[in-house]
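**Q** Spelled out from the first residue to the last, the chains are:
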Amino acid sequence: MREPMRSNVSAPSAVEPAAKESDGVRMPGAGPAQSPTPAIRFTRVSKAFGSSQILTELDLDVLPGEKVTLIGPSGSGKTTVLRLAMTLERPTSGDIRLFGESIIHNDEGLPRSSRDEARIRSCCGMVFQQFNLFPHMTVLENLVLAPRTVLKLDKEESRELAMEHLRLVGLSQKASSYPGQLSGGQQQRIAIARALALRPQILLLDEITSSLDPELAGEVLEVIRNVAHVTQITLLIVTHEMRFAREVSDRVAMFDGGRIVEQGSPDEIFGNPRSERTKAFLQSVLNH
Amino acid sequence: MSWDWSYAAQILPDLLWGVWVTVVVTTACSAIALTGGLAIAVIGSTCGPAGRLCVRVMIELFRGVPILVLLYFGFYALPQIGVTLAPAAIGILVLGVVYAAYCSEVYRGALMTIPPGIHDACVALSLPTRVIWLRVLLPLAIQKSMPALINYVLVLYRQSAFLFAIGVPVLLARAQIAGYQSFRYLEPYTLAGLLYLLMNLPFVYLLHRYRMTNAGAHA
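Residue numbers (this note's numbering), protein chains in the order written: chain A, 1 to 288; chain B, 289 to 507.
Derived from the structure by calculation, the hints contain no laboratory data. Virtual Cβ for every residue (Gly too), placed ideally from N, Cα, C. There could be a bad hint or two in this list.
What the hints assert, rightly or not - Taking CB as the label site, the calculated pair distances span:
| id | chain 1 | residue 1 | chain 2 | residue 2 | range |
| --- | --- | --- | --- | --- | --- |
| 1 | A | Glu141 | B | Asp292 | 57 to 65 Å |
| 2 | B | Pro435 | A | Gln181 | 16 to 24 Å |
| 3 | B | Thr401 | A | Ser275 | 37 to 45 Å |
| 4 | B | Gly397 | A | Ser52 | 25 to 33 Å |
| 5 | B | Gly405 | A | Gln283 | 27 to 35 Å |
| 6 | A | His105 | B | Leu356 | 55 to 63 Å |
Kindly generate the complete structure, drawing on both the sequences and the hints.
**A** See below:
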């Protein structure tokens with residue numbers, strides 16, 4: 001029997017909601033933005049793998065508390081944006097800042113040490129398409145490991161925190177199970193709980209329902225809806241679930257060929273897209 | 289020549305002493321092989337190209353030279369350059385290091401089969417490198433390597449028979465001595481063969497149990 005998802009848990013992030021009027025786009029030549037320090041700022045970020053150019057001079061701001069969804073065809077560079085923000089990849093050029101601190105260079109312009117990188121990215125959590133739970137650990141051990149070693153909580157505190165987040169995703173009864181004993185949807189909900197247990201201010205979601213069937217995907221999206229509504233966490237989402245993107249986002253950015261071709265509110269993007277590329281993409285996705 | 293039960297009973301205590309020496313020697317060899325192999329695999333996975341080359345050369349050296357040659361080198365050649373060790377120590381070191389080279393390849397293969405997403409998850413959780421290795425990568429690699437490692441320990445039991453060549457009183461050496469003394473070889477070698485088989489049984493059971501546990505808990 002599935003446990004109902006709690007909506008009265010403490011917010012994993014204490015960040016104030018974003019100013020909704022800003023669309024996070026910095027136009028070339030525009031003066032300094034008046035909005036608060038962005039949670040994530042990409043400045044002229046390019047990324048190439050060998051001869052393949054994935055991102056081209058990307059500028060993107062995500063404000064604290066904002067929910068931004070990246071949509072676009074496969075291979076357009078959406079996942080790379082998340083991986084760069086999480087320091088899983090290094091950009092070929094450009095700068096990436098989390099709450100104003102560069103993860104690429106220190107104040108002297110020298111490359112960040114791996115220790116510095118880890119400190120800065122600790123405000124970020126990420127959930128992956130393939131769950132990536134540790135298969136040799138129980139669900140509880142998966143959730144307790146990072147709070148114990150990163151937040152330095154004691155055994156009881158970290159256990160309490162883990163159970164609180166398991167209740168948030170409706171799976172507290174699975175604490176002693178191994179990931180291999182759970183369905184894909186349950187594993188993804190555990191992965192979300194694991195990421196949230198570190199109390200991140202930013203949560204990066206990389207196609208978290210792509211490997212799930214529609215029913216299981218529904219369970220997972222329900223958890224994210226819940227998290228989005230009850231917390232002030234900053235969400236940067238890559239998804240092909242257009243209904244979900246429309247419902248949960250403050251802003252949607254359409255990617256194609258390593259660039260943002262259009263961005264705006266969900267109503268603008270889904271209701272009245274300006275770019276022909278966006279229209280064609282939405283038509284192909286929605287008719288599929 | 290027929291089977292002589294009274295002679296068999298007479299040499300059995302001596303052979304059991306050989307079993308005890310075999311167990312002690314194999315346990316020591318296994319400890320060196322399993323931990324040394326893990327250390328070699330971690331060094332090979334984390335160090336630069338020069339370090340990897342050194343590890344590769346060492347592995348090929350110990351896998352390429354016959355065990356008897358290494359045993360004789362330790363027993364006859366090392367004393368000539370002033371290094372004198374007890375025969376049992378030479379045997380344990382040689383078998384331990386040779387099988388550490390084999391085990392390191394098993395661990396390396398297991399580390400390579402860990403999906404890259406697991407490492408991504410560790411980074412996303414900001415786990416320190418020490419924790420990534422000790423709590424995530426090594427337990428996973430050891431778990432994946434377990435059947436092959438148990439198999440190598442089994443092989444080590446049999447390979448410990450080589451140590452009779454440098455005078456370590458393992459089971460085979462005891463059987464041989466009994467044969468020389470009485471000119472009866474049927475009983476000593478038959479009993480030795482049976483005792484080696486019996487020593488294998490716990491490992492066969494362990495392998496079976498591992499397969500059952502693995503099929504259930506981590507399906």
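**Q** Next step is simple, just say for each hint if it's right about the structure.
**A** Do the hints match the structure? See the list:
The beta-carbon spacing between Glu141/A and Asp292/B, approximately 59 Å, falls within the hinted interval of 57 to 65 Å. A beta carbon spacing of about 21 Å between Pro435/B and Gln181/A agrees with the range 16 to 24 Å that was offered as a hint. About 43 Å separates the C-beta atoms of Thr401/B and Ser275/A, a value consistent with the hinted range of 37 to 45 Å. Range check, Gly397/B to Ser52/A: about 30 Å between beta-carbon atoms, so the 25 to 33 Å window is met.
The beta-carbon spacing between Gly405/B and Gln283/A, approximately 33 Å, falls within the hinted interval of 27 to 35 Å. Taken as a hint, the range 55 to 63 Å holds for the pair His105/A and Leu356/B, whose Cβ atoms sit roughly 59 Å apart.
This entry satisfies every hint, going by the numbered hints stated previously.
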